[in-house]
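Chemist: Residue numbering for the sequence shown follows this note's numbering, starting at 2 and increasing by one per position.
Treat the hints with caution; some may be incorrect.
In the SDA-like style, the derived pairs of lysine to any residue whose C-alpha atoms are separated by at most 25 Å in a straight line are [to be verified]:
#	residue 1	residue 2
1	27	96
2	142	108
3	150	45
4	110	93
5	33	91
6	36	66
7	150	91
8	103	89
9	117	66
10	62	50
11	33	123
12	123	50
13	33	149
14	27	149
15	33	92
Derived CB-CB ranges, DEER-like [claimed, not checked]:
#	residue 1	residue 2	range
16	92	128	28 to 36 Å
17	132	84	18 to 26 Å
18	100	125	33 to 41 Å
19	125	88	42 to 50 Å
20	96	60	33 to 41 Å
21	123	57	17 to 25 Å
22	102	139	19 to 27 Å
23	125	89	15 to 23 Å
24	41	101	18 to 26 Å
25	59	88	37 to 45 Å
26	139	56	12 to 20 Å
27	61	27	39 to 47 Å
Calculated directly from the structure, the hints in this document are not laboratory data. The beta-carbon is built from N, C-alpha and C at its ideal position, and this holds for glycine as well.
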Amino acid sequence: MKRFIALALTATLAAITLPAQAQWNKPEDAIKYRKSVMTLMGNHFGRLGAMAQGRVPYDAKAAADNAALVTALAPLAWPAFGAGTDAGDTRARSEVWSDAAKFKAASDKLLGEVAKLDAAAKAGTQDALRTAVGAIGGTCKGCHDDFQKK
Numbered sequence: 002m003k004r005f006i007a008l009a010l011t012a013t014l015a016a017i018t019l020p021a022q023a024q025w026n027k028p029e030d031a032i033k034y035r036k037s038v039m040t041l042m043g044n045h046f047g048r049l050g051a052m053a054q055g056r057v058p059y060d061a062k063a064a065a066d067n068a069a070l071v072t073a074l075a076p077l078a079w080p081a082f083g084a085g086t087d088a089g090d091t092r093a094r095s096e097v098w099s100d101a102a103k104f105k106a107a108s109d110k111l112l113g114e115v116a117k118l119d120a121a122a123k124a125g126t127q128d129a130l131r132t133a134v135g136a137i138g139g140t141c142k143g144c145h146d147d148f149q150k151k
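Please model the complete structure; the sequences and the hints are all you need to start from.
Modeler: Listed below in structure tokens is the structure:
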């Protein structure tokens with residue numbers, strides 16, 4: 002049942018990603034959306050990181066639940082980096098738009114690493130989780146270093 006719910010959530014979120022872009026009447030709406038997605042993803046990824054690093058006890062169920070959420074959330078923010086969303090309340094650097102190919106490659110790399118997260122969490126070991134979390138964390142850091150204002 003939980004797999005069905007996770008699959009349904011993933012399908013629903015994927016289905017709303019493209020139409021959602023058309024719903025942003027103002028650039029600031031897209032900025033708020035992507036910041037919200039990143040906040041949620043960071044929160045759930047932080048829980049995984051704490052388990053992977055041993056700062057909190059490893060819990061296989063919590064790891065799987067948080068991994069499913071990160072996996073569902075990861076693709077949602079990228080469409081909200083559209084034209085006109087480079088100004089306002091954003092920490093995105095101009096390179097997101099001036100070097101769009103590099104930014105797309107970075108987002109694709111993240112999505113590729115996140116795709117491995119669910120399997121690592123389901124493996125039920127802290128070591129498997131640690132490996133996946135480390136790869137994702139490095140990918141996040143690289144993107145933040147290149148595309149996020151300090």
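Chemist: Confirm or reject the claim that residue 102 and residue 139 have a C-beta distance inside 19 to 27 Å.
Modeler: Once the Cβ atoms are compared, 20 Å apart, the range 19 to 27 Å for residue 139 and residue 102 holds.
Chemist: If I claimed the Cβ atoms of residue 123 and residue 57 lie 17 to 25 Å apart, would that claim hold in this structure?
Modeler: Taking Cβ atoms as reference, residue 123 and residue 57 lie about 19 Å apart, which means the hint holds.
Chemist: Compare the distance between the alpha carbons of residue 33 and residue 149 with 25 Å, and conclude whether the hinted pair is satisfied.
Modeler: holds (16 Å)
Chemist: Regarding the pair residue 33 and residue 123, is the alpha-carbon distance no greater than 25 Å?
Modeler: Answer violated: residue 33 to residue 123 is near 32 Å, above 25 Å.
Chemist: Below or equal to 25 Å on CA atoms is what counts here, so check residue 123 against residue 50.
Modeler: holds (15 Å)
Chemist: For the pair residue 125 and residue 88, does the Cβ-Cβ distance stay inside 42 to 50 Å?
Modeler: holds (46 Å)
Chemist: Starting from residue 150, check that the Cα of residue 91 is at most 25 Å away, please.
Modeler: With a Cα-Cα distance of about 9 Å, the restraint between residue 150 and residue 91 holds, given a limit of 25 Å.
Chemist: Run the distance test for residue 27 versus residue 96: straight-line Cα separation, threshold 25 Å.
Modeler: holds (21 Å)
Chemist: Taking only the CA atoms, is the gap from residue 33 to residue 92 under or equal to 25 Å?
Modeler: Holds, at roughly 11 Å.
Chemist: Going straight from one Cα to the other, do residue 103 and residue 89 come out at no more than 25 Å?
Modeler: The given pair, whose Cα atoms are some 22 Å apart, holds under the 25 Å limit.
Chemist: If you check the beta carbons of residue 41 and residue 101, does the distance land in 18 to 26 Å?
Modeler: holds (24 Å)
Chemist: What's the verdict on residue 110 and residue 93, does the C-alpha distance respect the 25 Å limit or exceed it?
Modeler: holds (18 Å)
Violated hints for the displayed structure, listed by number in ascending order: 11, 17 and 23.
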